[in-house]
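A.B. asks: Listed below, chain by chain, are the residues.
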Amino acid sequence: MKKILFGILIIGLAASCTKVNENVYDKYGANQFYSTPAGANDALANVYAKITGSWGSNYAGRDNCWYDLNSFSADDQVIPHRNTGDWQLDFAQLYTRTELPSLGIINNTWNWAYSTIYSANQAIQLLTDAKASADKIAEAKVMRAWVYYLLIDDFGDVPFYTNNNTDVSKIPQKKRADIYAFIVSELTANVDLLSETRGGAYYGRFNKWAGYMVLAKVYLNAQVYTGTAHWAEALAATNKVASGGFALHSGANNTSSPNGNQYFELFGDVLPNDETILAIYLTENVISGNIYGIRGLDGPNGTALIGYNGWNGTVIPETFYNKFDASDIRRKQFLVGPQKGGITYSPTVSSLISPGAAPDEGIRDVKFFPAGITDGSGSSNDFPVYRYADVLLMQAELNIRLGNAAAAAPFLNQVRERAGLGDIALPTLDNVYDERGFELIYEGHRRQDMIRFGKYLLPHDVVPASPEYMLLYPLPTSALNANTTLKQNPGYPN
Amino acid sequence: MKKVYLFKYGLTVLFLICAISVFAQTSVFKGKVVDETNQPLPGATVKIKGSTQATVTDGQGKFSFPANGQSAIVVQVNFIGYDLSERTITAGESPSIQLVPNQKSLSEVVVVGYGTAKKTDLTGSVSNLLGKDLNPGPVTNPLQQLAGKAAGVNVTQVGSEPGVPPSVRIRGITSLQGGNDPLVVVDGIQGNMDLLNQVPPNEIASVDVLKDASATAIYGSRGAPGVIIVTTKRNSAGKTTVEYTENTSLDVIANKLKIMSASQWSAQAAAQGVDISANHGSNTNWFNLLTQNGVTQNHSLAFGGGSNDFNYRASISAIDQTGIVIKSKYKKYIGRIVATQKAIDNRLTLTMNLNSGIEQTTYSPTGIGSVAFQSNLISQAYVARPTDPVYDVDGSYYRDPNVFQYTNPYAVSQTVKNDDNFNNLFGSLKADLDVYKGITVGWFGSWRKRDEDSGFYLPALSTVQTAIDNNGIGNIWNRHTDEKLMDISISYKHDFGKNHVDATGVYEWQAQTYNGAFTQGRGFVNDIASYNALQLGDVSKVVQGDIQSYKNDRRLVSFLGRVNYSYDNKYLLTASFRRDGSTVFGVNNKWGNFPSASLAWRLDQEDFLKGSTTISTLKLRGGYGVTGNQQGIGPQNSIALVGQAGTVFFGGTTIPNYAVTQNSNPNLKWETKKETSLGLDFGLFGDKLTGTIEAYSANTDNLLFNYTVPLEGPFLTTNILANVGSLQGRGLELSLAYRVIQTNKMSLTLAGNGSLMQSKVTKLGGNIDGYDIPTNYVGLGGGGNGYLVVGKPIGTFLILHHLGKDANNAETVVDEDKNGQIDQGSQSKDRIDAGQELPKYTYAFTPTFTFGNFDASMVWRGQGGNKIYNGVQQKFSLLENLGKSNLLQSAVPLGIASSQYSSDLWLQSGSFLRFENLSFGYRINVPSVKFISSLRISLTAQNLAIITKYKGIDPEVDVSGDGGSGQDYGVYPRTRTFSAGLNVVLK
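First to last, the sequence lines map onto chains R and F. For the record, in the first sequence the residue sitting at position 251 is 251 according to our numbering, with numbers rising by one throughout. Each number in our numbering comes from the position in the second sequence (counting from 1) with 494 added on.
Since the hints were derived computationally from the structure, they do not count as laboratory data. From the three backbone atoms N, C-alpha and C, an ideal C-beta is built for every residue, glycine too. Treat the hints with caution; some may be incorrect.
Simulated restraints, written as ranges between beta carbons of each label pair [to be verified]:
(1) R/P493 - F/Q908: 50 to 58 Å
(2) F/S545 - R/V24: 52 to 60 Å
(3) R/T18 - F/G1010: 24 to 32 Å
Please model the complete structure; the sequences and the hints are all you need to start from.
C.D. replies: Printed below as a string of structure tokens:
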């Protein structure tokens, strides 16, 4: 009897204790999370989170991604290796055009772009499924088109997909011109659906004006992307942006403004709505951060200016600095000569790689004079993706390109006047090119401008003439390994 | 065998108490048990054959049984270390029964998991170590006792930080992310390596290491990395013990790096043109300032007693260690009680085990310094310039504002709090019932609770940059682990003529629950409350991640069985099968099957060898088994999850952001390791020379790896834990012991072991969810130069080859593919294959010597065939850094100012031979002292010497096969210890 009871006990226990299904206590399952309208909204917000990103994965604000890739290969900034052992060579390699496909910044930019596209695809899918309002779906589509535009700008022919349910590792590159066509059609179909609200709930978001700004940029560079110029369409798009009611922010001296001039409020903690078209909202330690101020300052200078030890990184090439007019208010962003903290920045950088520059060599830039809390990971300055001064300069350029230099003058001169410079009655493309350099330095536009104006391959500073293939970056090694159908851009090793 | 005296006399007098009741009866059958030297043997078990009646010999070795009407009885006498003896006793006779020490070590009993086996009956690969075989000396973790003792069991201790346990790898690396830590079983309770920490080193009776798959398959999906089974000491029935053991050691630094002194630094700084403002004119030896001589103390008091059907053993152990880096310390207290009670005519045996422990550790701070070199405290002592003062003129800790993220290591040591406190509690109950003629049913249940609370406080005074930024950071972690296990078993043992069958079936259920919480505060007005009152911080500074909590659980349900069959004691077969179901596996793969079979042939039992004077023992065995590994799979790893992903500015406000944090993998399952093992146990010349040779070949399939996947199709995030690749591991092991002298007075045994290991990545990429994921050249340690490459060993060094230096004294490397560019990408053709991170061979030499009451032993232990990327040398050899850092003295003759590469200039051989342990003991028999039965004093020195070409502080670096393998970025220094121990057995 005892044995039978024992047997029953064993069988009973065994039967009740063979379930091995999983319990989830502390996480959200993906399916249940995204199946609600709130979840779809979060999917849209997530695309912005991707754009903002953080270290190694961001449009701008922090380092080692899109902004660094597109800035250090231009002529307006560089980080030299220091003879004190500081700074890796990645930045100097980009500047001197000696980068290789395995460079981390290239890989990061590629991954950032595709993960943003993925998130946009996901948001579009989820918002459509949730029958969300048309403006939200359009917003996600415009963001996706924007990232494709950034991709073809840097890499040329790239893999293209709009549905996440695709075997991406097998899809071949799509022609730059074909993706260009998609971007144009996607933008034209969607920008008018976007909200017209500036600031408030749309600060830091793609509204109608930001949408047209992207379209204007795409048309502006159409010749580079497709071989066929679309100057008139570009001008029409800039006019659409201008119809949003933007105006240049004041360039008046003001002791309470950063660098003593209201102009630098355009690069402060929260950007003024009058001129800003699209900003990336950054708050140090909460939403990424902006390192472009702290990255340049030498330690004691940073401590004296903002109470924080600087990184002693970015410098402005002397040749670029020397082009600024002495009366230009924008020169206030540069630090050269004796400084607070008992150091003296000398303008000449003696060596970029080996043995490296001495600690205080190089002109520093505080266009993004650190705002808000500043610590080892930056400060809270928002980043202007697009602003009205850029639109004016585009309008000037396009009028010249369309053969109407006189009509271009007022656009160019608005910008020059704010900077305290005299008017140019009949501006040339070189005038516009230089003015873009002065106005938009440190904002990540320079490489694209250099290419469009045909300057990118010319020798400058210590950089010799570059071969034509360098108009595109190499595809990152990791992408080539993951997708064997991809072809490296000509001129680069695999 | 002389060590037996220790027990013998120790127990003698106390045993009398129990014996009194025996003497009170009218005894008819009596006798005396003596050893080979005619000394009485107290504590021997004497059993009347064919009955359950048993007793234990008293202090004089005497025993007796009451009359029961019989004229004669047959008694069986059993004592550990001696052969079983049988003798007929007639009434009135009082014979002296002399026991014979067992010569064949192979006749010992080995714990094999869910049962025991005689060593001679083993068919799988098991290393068996008794308490007396373990490394003596100041030991804080049982693994330290195993170092060098078993072939194929590689114990690695990186540095000597108090509270940091060594790691162990059995037969090399068989997994990448599945985990390579063996399963630990302590008295039937299964757990991770931390369970070993809960075993007092003095209380270990034996350690059995199951090495091959045919032995570990019984543990199914947890068996692949091997199993360490610890059996703790029990009290022998009817015996009383009171024993105190103590060991105190002085721990000194074994080796220091040669860094520049103040005058050397100043001279070099002047020569290198370092700005004079960097020289602050002091003379500070930061390393000496941060180090001291350490002391380790072990105390343990054990006592036990009982009668024939009840016995217990209780012990309390205390370990107190002060580290050689100032402020680091470790305390451990463990109390345990094991009680056994028999009932129902001795057919039911109940064993209860309770173990409670506390571990308190103050760790030396890690992760400090500038962003360019974050390291532990002691490595920051290499960074600090010798000309920097400790204190500023105002008495505060010195900090140089001209150096980016300057850190004053002394300030860190004095102000940072890094405390950790563990409370461990486990209990188990085991019930075994003899049901009917060889059938036993058993129930075993255990419950283990492990609670950790840790506190960390980094004040602004520490000079650490983030602490200054935040004006102090404090945090606490509370983590709770709850592990339950239940076994229901049935076993059957029977002899049919020459056939012997021994079968066991078990149902097992395990559940583990993990939960915890983290809270962090920032911005403290002062440092008085440190991490004890986080609410005193500045609430406005709280950021995402400062508040966290978690809870998850896992369950494992198993059915397992094993059959041992032997014929005529010559032919042995063991077959086992286990079926495991786990909650952590994907829905498509909830259950896995793990079979094994092994065979052995005892050639020495065959007629043609029976009389051989040369070959005394010879056994050939071979086995095959399938085991699994599921350590690498955590709860909820198979389902798609959304988690918090920072914050986002959206709709004009900052809101939490959510993103997919994990891909779904319904096919997720255990790794499968298939291993074939062949072994030969032999004894020559009357077992004067004994040994084992083993060879194995193992393939791990369904390799768990966190694959990088493109964002496409089913993949919602860029990583997925999946079972795709394969690894291969092969090896050869040899153990030898030669009894050079074996007399009653003196013995000398020369023992040693060696193993060869070879690993290969056979497959990495593959098909996941219908998508082809090519994966290769995945980084794995080695200072960024170690890789997983298909067709090559795990952790292969692919590294740039040093050439020299250019005109600016910048390092140059060889352009291997001669394309004019040095590519530092992972698949760059400029990288050369320069060896591997994991050792190819390990070996040990462990001679022992006894003479009368004196004993001595040594452990020499070595490994080799591996390379180490000496990151410390790389960090402290570039002259351009002199202005902000101290450097190695060797940097001057090297003369390299800068380098953009991490080349093989810093890659060095990791081979070493360490004089690990030298120990002397002397036993003093003190029969004349009133309360003391015996005394033993011992002297032990550890890490006396090392032979190596490695240029870092110590070549014993991480070789665990994880991301930190094969590199040295600064370790807590290793100690050389000198200890004295005392063991007192009370009467």
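A.B. asks: With reference to the structure, classify each hint as holding or not holding.
C.D. replies: Hint check results:
1. Remark: the range hint 50 to 58 Å for R/P493 to F/Q908 is upheld by a beta-carbon distance near 53 Å.
2. In this structure the supplied range 52 to 60 Å holds for F/S545 paired with R/V24, their Cβ-Cβ distance being about 57 Å.
3. The beta-carbon spacing between R/T18 and F/G1010, approximately 29 Å, falls within the hinted interval of 24 to 32 Å.
Checked against the numbered hints listed earlier, the structure breaks none of them; every hint is satisfied.
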